[in-house]
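Residue strings, one per chain:
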Amino acid sequence: MSTVLHANKISIEFGGLKAVSDFSLNLESGELVGLIGPNGAGKTTVFNMLTGVYLPTSGDITLEGKSLLKKQPHVINHYGIARTFQNIRLFKEMTVLENVLISYHAHVGYNFVSGLLHLPSFKSREKEMRKNALELLSIFHIEGKQDELAKNMPYGEQRKLEIVRALATKPKVLLLDEPAAGMNPQETHDLMNLIRFIRDTFKLTILLIEHDMSLVMGICERILVLDYGQTIASGTPDQISKNPMVIKAYLGEEADFSA
Amino acid sequence: MLLQQLINGFTLGFIYALIALGYTMVYGIVRLINFAHGDMLMIGAYTGYFILNALGATPSSLVLSLVVSMMVCAVIGVALERICYKPLRTAPRINILIVAIGASLVIENGGRILPFMGPNPRQYPQLAGSVNQLDVMGQQVIISQQDIIVIVVSIVMMAGLGYIVKFTKIGKAMRAVSHDTRAASLMGINVDRIISFTFAIGSAMAAVAGVLFASKYPQVQTYMGILPGLKAFVAAVLGGIGSIPGAMIGGIILGITEILSKAYISSKMADAVVFGILVLILMVRPTGIMGKSLKEKV
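Residue numbers (our numbering), protein chains in the order written: chain A, 1 to 259; chain B, 260 to 557.
Derived from the structure by calculation, the hints contain no laboratory data. Hints may contain errors.
Stated by the list, open to error - Here are the simulated DMTMM-like cross-link-like pairs (lysine to aspartate or glutamate), alpha carbons at most 20 angstroms apart as the crow flies: (1) B:K425 <-> A:E126; (2) B:K345 <-> B:D439; (3) B:K425 <-> A:D147; (4) A:K71 <-> B:D451.
As the list claims (entries may be wrong) - Over the 12 angstroms line for every Cβ pair with chain B, so calculated as not near, a few chain A residues: (5) Y104; (6) A106; (7) K170.
Said to hold, decoys possible - If you want the footprint, here are the derived chain A segments under chain B, 3+ residues with CB under 8 angstroms: (8) 8 to 17; (9) 26 to 35; (10) 191 to 198.
The structure presented is a predicted model; accordingly, all values stated were derived computationally and were not measured. Cβ coordinates follow ideal geometry from the N, Cα and C atoms, glycine included.
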């Protein structure tokens, strides 16, 4: 296995407040890693640094050896990192299919003129993208709804659509920010299988933030725990669930890791 | 009589709508009221003036002047964004608004000292046009050639814009950026490119409006963009700023109201009536006719 995404001691300060300090991460190709921690621990901030939304105050991030520092988010996305959001950020007034096509479009090169004039090269690519988009939607069981506005979909399906939209950018690394938030146990269970399935099908490396312990413990091979911006533990689900520091950080007493 | 006034109102309304589209598109993408937008109308009108003067006022030179003024204004619009607005994109919103007002003043007064523009108003070359007299249900209605050109060109421009926004790749990307800039950039969309493109299209629409406005009210001077620009801004707010169909509807409502007030109430009071109606509509619908209430982003 080879290292895909590497973060070396990244820190970020907001006006003197150290939100994340000396966070290190090494994602091997094909790994499925969880990032957990109490609210406000800095998990989403880590995602924002990895995707170029925030520039770390210190440290370095590389994707397959290329530094990601000071690169704009869309450039990092083209390098191969895609993500979803904790609070769903779909293009709500656009249709389901358009949401997916936007990602495809940002990654294929036909120009404005051929698009405007409907040249043959445009038509064939457009057709292929539509086909791919519909296939992705059917993997997530939201086929048949492609012409609905994104805002009219049920909550769980909006979460799935965010994953589809991220996958359409053809990433190497997928960052999922609380993919199961607001889902019931059955939906969460289905989502676990889906995440495993897409990891294997698309040869992805996945880093996910999640509060649902049954999901994290169920599918992650490795877990990192953040608290107040510090990495307080890392290891297999088994090691993590027995780690007293983790239990203390979460509840101040024994937490339910029974899943 | 009423029919005649409605035709005049529609013609003026289409011009307002073309300008309002630029305001609303730029607002939709970068949440900026581009107060220099009215000056794009002026630059477009002057570009058309030079071409029509050089080549003579023929239909083909009118088409040429429309195309060239669109290109000139697109370039100037993009340059304006790159030089004045882009460096301030992360600054507080009020700063960039003040810069926009400053840019507007620089363009207007800069034009006055340029030797080929100058402070004096100039007569706009006009097509030697026919005036068509129609007989509609016993009423005599006059439609000038200028009116027909304004209406046809505006409809073509709006249809073209609608097509670009709805069906092309860059149009979809524009909508995505206006919904959620951050999410769009994280899906691989180059936001800077989309912003430039928006300024280019908006300025090109204003250029067309400038040539049309000057051929209907045949005079050019460097302050000519201020009042139409302001009214088009009102039209955009009336329609719901950020909404493209809203800008079209708002422009037409504004044009018709203005002409009807001039005809039936008082030509001196027309602007007061128009702005009074704006106040009333915004009291009932603060987000404008097609506008959506903005939810707080978390």
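These are the hints, each one checked on the structure:
no. : hint              : result
1   : B:K425 <-> A:E126 : holds, 15 angstroms
2   : B:K345 <-> B:D439 : holds, 18 angstroms
3   : B:K425 <-> A:D147 : holds, 14 angstroms
4   : A:K71 <-> B:D451  : holds, 14 angstroms
5   : Y104              : violated, 9 angstroms
6   : A106              : violated, 4 angstroms
7   : K170              : violated, 9 angstroms
8   : 8 to 17           : violated (count 0)
9   : 26 to 35          : violated (count 0)
10  : 191 to 198        : violated (count 0)
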